[in-house]
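A.B. asks: The residues making up each chain are set out below.
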Amino acid sequence: MTRDKIEEIKTKFLEEIKKEKSTERKKKICKKYIEEELSSVFCSLKELTSEKKGEIGKMANELKKIILEEMKQGGEKNRKEKGKIDVTFPGESPQIGSIHPLTKLQERCENIFSKMGFTVVEGPELENEWYNFDALNFKKDHPVREMQDTLFVKQKNRENLSEKEKLLMRTHTSCVQVRYMEGRKPPFRIIVPGRVFRNETTDSSHEINFYQLEGLMIGEKISVANFKSVIGYFFRELFQSDVQLRLRPSFFPFTEPSFEVDVSCSICKMKGCSTCSHTGWIEIVGAGMVHPNVLENAKVDSSKFNGFAFGVGLDRVAMIEHKINDIRLFYGGDLRFLKQF
Amino acid sequence: MKFSYNFLQSFFKKKLPSPEKLADLLMMHFFEVEDIEKKGKDFVLDIDILSSRAGDCLSHMGVAREIAAITGEDFVMPETKIKKYGKDINEKASVEVRGGCLRYTLSGVEGVKVKSSPSYIQARLKSCGIRPINNVVDVTNYVMLETGQPLHAFDAKKIEGEKIIVRYAKKREKIVTLDEKRYDLRDSILVISDELSPIGIAGIKGGIVPEVDKETETIFLEAANFDPITVRKGSQYLKLRTDASLRFEHGIPLELTKIAIDRAVSLISQTAGGQVFKNVVDYYPEKRKEKIIHFNIDDVRSVLGTAISYKEVERVLRALNFKVQREKDLFSVTAPYFRIDVEIKEDIIEEIGRIYGYENISPENPKEDIIPSKENNFHIETNCREIWKGFGFSETYNYSFINEKYAEFFKREELIEMEKPASLEFKFLRPSLIPGLLKNLQENEKNYEEIGLFETGKVFLKKEGEVKEEKKMAVISSTDNFYTIKGKIDSFLKKIFLEDISYTECEKRTFFENFSSAKIIFQNECIGFLGKLSQKVRKEMKIKSNPLIVEFDFSKLKKFYREKVEYKPIFKFPSLIRDIAVLVPKDVSYEDVQKKINKEGGLVLRKIELFDFYEGKGIPQEMKSFAFRLTFQSKNKTLSSQEANNLQEKVIKALEDVSDWKVRR
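Protein chains in written order, with my numbering: chain R, 17 to 357; chain P, 1231 to 1895.
Chain R on its own, in the form it takes in the complex (with noise of 0.2 Å):
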């Protein structure tokens, strides 16, 4: 072994490199020359004596260094070059379950309602008689008793029982207004949201059950100019847009002056599309002020007291927010619709 040899060796191998182009060869290169020409280089040391074996050795060791060195800069080139990111490439994504449409809307409700200081309230999904109609000013034996289809609850000797003792499912949230006015005192802010129930057969509009936002505001001079106000800033804030607002003359026997409450389309601006019947209007609150009866038989003064009530119905607004076209979507738990929010 000699100084020519090693020489001769890094000769050629800095000309491999040279000739080289892709990182991964020139790796397989170095590897090579660090395997084969130098081991063999180091093995024959042995054969030398001391004082050769000192400058052999460290010449072997300096072009071992230069081989490393070229092992290590292809290595970080290759690294900077595999580091490049297919941005395009398909992520892995986490599973991630999803919130019911009605329970979203629901909060967003509570959320718009809470800022103007009402309290969210809940009642009983089975009521009674008393609570459902005799208490909300609903006359027995009138034909408005059965304006809501009522699903009554198998009893027996149903006739002989008191009102509070015949149960029946809810019609409407409005029978959380005297359950909670009873024993409190008034002024009041109350929503309440909540699965009713009419006993209709189902179709791509109706539900046997299905979910109303009822809200009650109780003071003193309460008037409709303060309903229109709060009602307007709910629906401007639900909507997020400018709605418009009217007010229609309506009927419910637990408030006078009664009111159909329409909000102006925000889908198509009101030049009318399917969604408003082509009439630029959505109708969907029921309202009015509670009718002092009502409030009596909440044990309310209704010389001093007095107030709004309204309903919404929320699966309608939901419907009309995410242009669902059937109501069964709701109830369906079919997964396809509901990891859709």
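One thing to keep in mind: the hints can contain errors.
[Unchecked claim] With a Cα cut of at most 25 Å, we get these calculated SDA-like pairs of lysine to any residue: (1) P/K1269 / R/T295; (2) P/K1251 / R/T295; (3) P/K1692 / R/N215; (4) R/K172 / P/K1698; (5) P/K1650 / R/F154; (6) P/K1469 / R/N215; (7) P/K1619 / R/F226; (8) R/K47 / R/L61; (9) P/K1444 / P/V1344; (10) P/K1688 / P/E1743; (11) R/K237 / P/E1544; (12) P/K1669 / R/L351; (13) R/K26 / R/I50; (14) P/K1521 / P/I1459; (15) R/K68 / R/T27; (16) P/K1635 / R/G70; (17) P/K1243 / P/I1312; (18) P/K1635 / R/L351; (19) P/K1488 / P/V1834; (20) R/K339 / R/G288.
Simulated from the structure, these hints should not be mistaken for laboratory data.
Following the hints, complete the assembly by docking chain P onto the known chain R.
C.D. replies: Relative to chain R, chain P alone:
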């Protein structure tokens, strides 16, 4: 109700606004017009007359009066001219009312010629969906559409005796109605009878016996006011609803019988000739009392929230035919006879508001103080939902009902049954959320392999005769095993700060597989259940996967839910880790071992993790192996390696003190 535009026009001298414009006006000030349809030379307006105004506005006259009030046009009453009267009807007939009737007015025409009615009457009837029959019957229907008062005509010759009796039916009495249908009556049904038998069902439908036909010469005309509840119950019992019964059920003004009968005899004599009997037979024992309603201008202003003027209030009420008197701020008003719906001052305020126009009231923020409430706790539900959503579960809503098939899983006496549900799918109230979730799972298996669903909602059951409504939260998962779902429950409860949860085996429970389910315990109270779905149910429901189900009692979650927790200082000193593997007999539970370690480890034992579990080859058959990783950390100092070793030894010794337990070294 369907209204004829031409008919409405007949009450006005001036031309009415176009049907579309009229519909808009009515909608903003009266009731909704649901449809406008052109029918020949007429338009049909379908107006949704709500119950409060059924008394006066199931009639063209009523709606015309509304139009007059809204537009300010003059309303003209239809004329009732009779050239010459004949004999006094009181000589020909009498009326005896035995009950169920508030007023009964009888008149008649002698010498009529029954033929078809004039074309304008026929056209208007057709517009309103009534088939023309002959000039007498058509007039009774026409006047009903005009005034809202149902009328009935009898052929006087076909009546036995000279007396018309209003009475309740006798047992086993029958009647054949004009449409030749036979009805079995009962003693709660009111009938019109001659001296022998019923000739009509009061307020509902006439009998065939005294039918007016081509031979008829003398007619009697009935305009009555029957008790609304009697008519309603009779109509429900007989399952017979008619234009007449609809009006009586809601109640109609008492004054109307005389007005309608005068109008009818005048029209009959015009179209069928003959002489109108002089006078009427009129049973009218209790006259309607006029009611004066007092209110202050401030009542109106504060309820409507607008500074409406005295003049405007007076104008509106007069336009609606109210008598108005005012002394300074105080109004005294009397409703016209036809407004039987008006009782209190709020009714008056509504009249003012709607005619004045709600669009003229500007929104105004409430001046009331806002009193913050302590009762808002709805976010608890929101948080619970969000956590399960984070685990990859989707929220679902199911019906509050179950059918017979699911009912079989429960005790019949605990179920609440519905009276005549629209579909048998809704026969019982759901006593659990699980049936709904099972159905969802089964249906989604067609499209998904990994299914995770949850629902919060009310369930209903009878316990010891008491009806109970409870809120639950339930979860179903097709991908979890017992321990992964248990882990999720732990994380869920930890997030709402329920710590130190324990699980105990659960005895037989509907839907859960025996020996594969557990109670979830917090502070000695069972807050829920988890387990595998019973194989039996799984097969019956044709569920492909092997799902895990979880059920929480929501009231308990709410009760224990915490938001505020005390911060635990973060330890500054390093921790040391020691592993221990122990062989224990198979009937020893994880908890037995874990408790033992915990006890020996003392305060500096911060964490015990099970990092391996093994049974099978290499260890005795009756044994299993737990491998624990113990983390030691002191809050006061850096633990030395020796201290950790000593603690580890202490734990090992305690474990080995139990006979049959063996620590693997």
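A.B. asks: Against each hint, give a clear statement of whether it holds in the structure.
C.D. replies: Now the hints, each set against the structure:
1. P/K1269 / R/T295: holds (22 Å)
2. P/K1251 / R/T295: Judged against 25 Å, a Cα distance of about 14 Å means the pair holds.
3. P/K1692 / R/N215: It holds: about 22 Å lies between the C-alpha atoms, which stays within 25 Å.
4. R/K172 / P/K1698: holds (17 Å)
5. P/K1650 / R/F154: Given pair P/K1650, R/F154 holds - Cα atoms ~22 Å apart, limit 25 Å.
6. P/K1469 / R/N215: Roughly 19 Å between the alpha carbons, so the hint for P/K1469 and R/N215 holds.
7. P/K1619 / R/F226: Given pair P/K1619, R/F226 holds - Cα atoms ~23 Å apart, limit 25 Å.
8. R/K47 / R/L61: holds (20 Å)
9. P/K1444 / P/V1344: holds (5 Å)
10. P/K1688 / P/E1743: This hinted pair holds, its Cα atoms lying about 24 Å apart.
11. R/K237 / P/E1544: holds (22 Å)
12. P/K1669 / R/L351: holds (12 Å)
13. R/K26 / R/I50: holds (11 Å)
14. P/K1521 / P/I1459: holds (23 Å)
15. R/K68 / R/T27: Holds. R/K68 to R/T27 sits at ~21 Å (cutoff 25 Å).
16. P/K1635 / R/G70: violated (95 Å)
17. P/K1243 / P/I1312: holds (22 Å)
18. P/K1635 / R/L351: holds (24 Å)
19. P/K1488 / P/V1834: It is violated: about 99 Å lies between the C-alpha atoms, which goes past 25 Å.
20. R/K339 / R/G288: Cα-Cα ~15 Å, so holds.
Violation of the numbered hints given earlier is confined to hints 16, 19; the remaining hints are satisfied by the structure.
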